[in-house]
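Let's have the full structure, built from the sequences with the hints guiding it.
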Amino acid sequence: MNRETDSILPLELDGVGYAVQGRRLLQGVSLRLEAGTRTIVLGPNGAGKSLLLRLCHGLLEPTEGLLRWGGASGLAEQALRRRQAMVFQRPVLLRRSAFANVTYVLGLLGMPLVARAEAAMAALDRFGLADLAARPARVLSGGEQQRLALARAWAMEPDILFLDEPTSALDPSSTLAVEMAIHDFHVAGVKIVMTTHDLGQARRLADEVIFLSRGQLIEASPAATFFKGPVSGQARAFLAGELVC
Amino acid sequence: MLDLAAALSSAMALVTSLDPQMLVIVRLSVLVSGSAVLLAAVIGLPLGALLALSDFPGRGALVVAINACMGLPPVVVGLVVYLLLSRAGPLGEFGLLFTPSAMVAAQTVLVLPIVAALSRQVVADLWEEYGEQLRSLGASRPAVVATLLWDGRFSLLTAILAGFGRASAEVGAVMIVGGNINGVTRTMTTAIALETSKGDLALALGLGIILIGLVTAVNAAVFLLGHVARRRMG
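Listed in order, the protein sequences are those of chains A and B.
Everything in the first sequence is counted per the UniProt record's numbering, starting at 1 for the first residue and increasing by one.
Everything in the second sequence is counted per the UniProt record's numbering, starting at 1 for the first residue and increasing by one.
Since the hints were made in silico from the structure, they are not lab data.
Keep in mind that the hints are not guaranteed to be accurate.
Said to hold, decoys possible - Now the in silico label distances, taken between C-beta atoms and shown as ranges:
1) B/V228 x A/L66: 43 to 53 angstroms
2) B/R141 x A/A188: 24 to 34 angstroms
3) B/V218 x A/L66: 53 to 63 angstroms
4) B/V218 x A/A19: 49 to 59 angstroms
5) B/R153 x A/D198: 32 to 42 angstroms
6) A/D198 x B/E128: 26 to 36 angstroms
7) A/V20 x B/S86: 55 to 65 angstroms
8) B/R153 x A/F227: 42 to 52 angstroms
9) A/A134 x B/D3: 57 to 67 angstroms
Said to hold, decoys possible - Some residues of chain B that are not near chain A, with every Cβ distance over 10 angstroms (derived):
10) S17
11) M22
12) G34
13) S35
14) S54
15) D55
16) Y82
17) Q121
18) G165
19) V171
20) G208
21) I210
22) N219
23) A221
Positions of the beta carbon are idealized from the N, C-alpha and C atoms, including for glycine.
In structure tokens, the structure reads:
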């Protein structure tokens, strides 16, 4: 797949908001996610980071505003979904082998049966899981499970990968493995959109930063600019490690 | 006391010698209950999954009704199926009354709510866990149902075996719609009821021993299955 010319990106959000029973959890978010870069979403707990990811991915419908995939004219909802992948904080793996977890999504994507095994093994091998292919996915360690979730996403060949605090439950070496995996995706041209609480990780990975607070977009700027001198008081306080909410 | 001891020893003799008359009865029991459970699973598993995954007006009431039906009295089910299948009934023209088919139908009605209610619970719990991920993967509705049924396979098998336990142990429904005809519709439970009232305690006890053995074996299988599944699949 040629991700440069064929991508569903950019994704444009125009005044996107989300409310539950009158409580506005996210409001007035307008931004543009370009292909190729790594966007890190930062903000205190409850700022709406995970919510923003779920709205972008289409797991939730915005209650206000519009979402538009620039390169996806004429693609149906499900076809659009299949060009995106998401890795959750706690990986949800099926009760079958690691290998079968990957071939399962290839089946969903309509890959012919004969091609699945090779593609699945390639994805597992890429993330150092080839030896564990036959093991039941749910008895793998936390780090291995998250790498399997990444291998599964890799096999889908997405245009964009959402990651919702993928390393917050992992030890340092597993975190490193996940960051290297994210790097692999980036090098392959996959757009990265990720939330994290780990500022060090954000500095290591970010090309640009989206800073949310209390359900509002406060800043969206290149990473270098953001970390050197954030414009808003909230972001300055957040970076300085103050308790903001 | 003496009677009981004598009956027990001749019962054991019947069991160990694999008495042909007894084997006919055991075979029919297993066939009838097995077919009923198979039918109930074919209908009940997708029905349970559908109830777990879809939302429509009256869904809650239907769930409550199905849960309540898990405790249906077998004699009442037998009576209703009897009325449906009797000559004057709406399904009378098929001539099914007092045949094994009628017994399978009645037991299917008994087992179906158990399979549907338990599989609804299993699938709902799995959906809670998998829902977001499966939607993220773009799984279609039929793919979701198939995935959840397969991933719940061990729990669902437990539900099905629970249904088999209920079917093989009940006497009221098969007695009414089968008629307890020797060699045709006589099952272990109806034979036990009859032989006890006739005073042939040996055959009744022998069948009772086999029935208990069967139910114990089924439950042991359920236990082992769950144990192995938890260890292997997490």
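Problem set entry | Those earlier numbered hints the structure runs against, lowest number first | Result: no hint breaks.
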